[in-house]
Every structure is written in structure tokens, then in C-alpha cells.
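Student: With UniProt numbering applied, the sequence shown closes on residue 106, and no number is skipped along the way.
Just so you know, the hints here were simulated from the structure itself, not pulled from any lab data.
Glycine residues also receive a C-beta, built at the ideal position from the N, C-alpha and C atoms.
Misleading hints may appear alongside valid ones.
[As the list claims (entries may be wrong)] Pair ranges (Cβ atoms, derived): (1) R11 <-> H106: 16 to 22 angstroms; (2) R103 <-> T2: 20 to 26 angstroms; (3) A101 <-> P6: 25 to 31 angstroms; (4) A14 <-> T93: 16 to 22 angstroms; (5) T92 <-> L21: 28 to 34 angstroms; (6) G27 <-> T68: 14 to 20 angstroms; (7) A64 <-> Q89: 45 to 51 angstroms; (8) G30 <-> A90: 23 to 29 angstroms.
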Amino acid sequence: MTRHNPNTHARSAADALGRLLREVQSGRAGWDHPHTARQAAEDLARTAEGLAGAAQQLAAALAAMEHTGLARPRGAARQDADALLRAGQAATTAAGHLRQARRAMH
1 MTRHNPNTHA RSAADALGRL LREVQSGRAG WDHPHTARQA AEDLARTAEG LAGAAQQLAA
61 ALAAMEHTGL ARPRGAARQD ADALLRAGQA ATTAAGHLRQ ARRAMH
């Protein structure tokens, strides 16, 4: 089976979050009930968890590319991977904060 490019999923998720933000900022969409606000916090927590996992997988892919010579020079590739791992950690923290906010809304 041929592997596919996961960038299509990343682009779709980024586009969806961009649309969400534009709709809310323009007033065409909004959270008008506590239930929808709680659900949005949970969905955003799931999104942050997905971001964390994807960033960590991307860091692992860069490390693998480094071994095959496809990545940037060794030091630069390590910095790239470290930055992705830090982004993943921040996204994990964000997911925790979103879940805490959701529980506080209960």
C-alpha cells in the first residue's frame, strides 16, 4: 500500500480553524449557549492534542530524514526537531488548559 501525504489533513484542519475564527470574529457564528461553549472547549482540546501528536510525529520524521541525508545539516535538523517537540509540548499544555476550562464551565 502506498503511503499518502498527511499535509492534506494538516491543511484541511488549518483551513477549518481559520474559517471558525473568521466566522466568530465577524459575528456570523457564536457560542450562545453554555452547552455549545463546553463542546467547543472539548473540541478545541481534541484539536490541540492532535496538534501535539502531529508535531511529535513530524519531529520524528525529521530525525529519520537526518539519518538518510534528506534533512538539513545535522545541527539545523536537530534544532528543527527540538522546536517541533517544544510546539508539541505547548499544544499538550493547551489541551490541558482547555479541558480545565471545560470542566469549570460545567
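Student: G30 and A90, beta-carbon distance inside 23 to 29 angstroms?
Tutor: Taking Cβ atoms as reference, G30 and A90 lie about 27 angstroms apart, which means the hint holds.
Student: That 14 to 20 angstroms hint for G27 and T68 (C-beta), does it hold up?
Tutor: violated (50 angstroms)
Student: Is the distance from the Cβ of R11 to the Cβ of H106 consistent with 16 to 22 angstroms?
Tutor: The hinted range 16 to 22 angstroms is violated for R11 and H106, with Cβ atoms some 34 angstroms apart.
Student: Between A14 and T93, does the beta-carbon spacing fit 16 to 22 angstroms?
Tutor: holds (20 angstroms)
Student: Take the C-beta atom of T92 and the C-beta atom of L21, compute their distance, and say whether it sits inside 28 to 34 angstroms.
Tutor: Check failed, 22 angstroms falls outside 28 to 34 angstroms.
Student: Using the C-beta atoms of R103 and T2, is the stated range 20 to 26 angstroms upheld?
Tutor: violated (43 angstroms)
Student: Between A101 and P6, is the Cβ distance one that fits in 25 to 31 angstroms?
Tutor: holds (29 angstroms)
Student: Given the range 45 to 51 angstroms, decide if the beta-carbon distance of A64 to Q89 lies inside it.
Tutor: violated (20 angstroms)
Violation of the numbered hints given earlier is confined to hints 1, 2, 5, 6 and 7; the remaining hints are satisfied by the structure.
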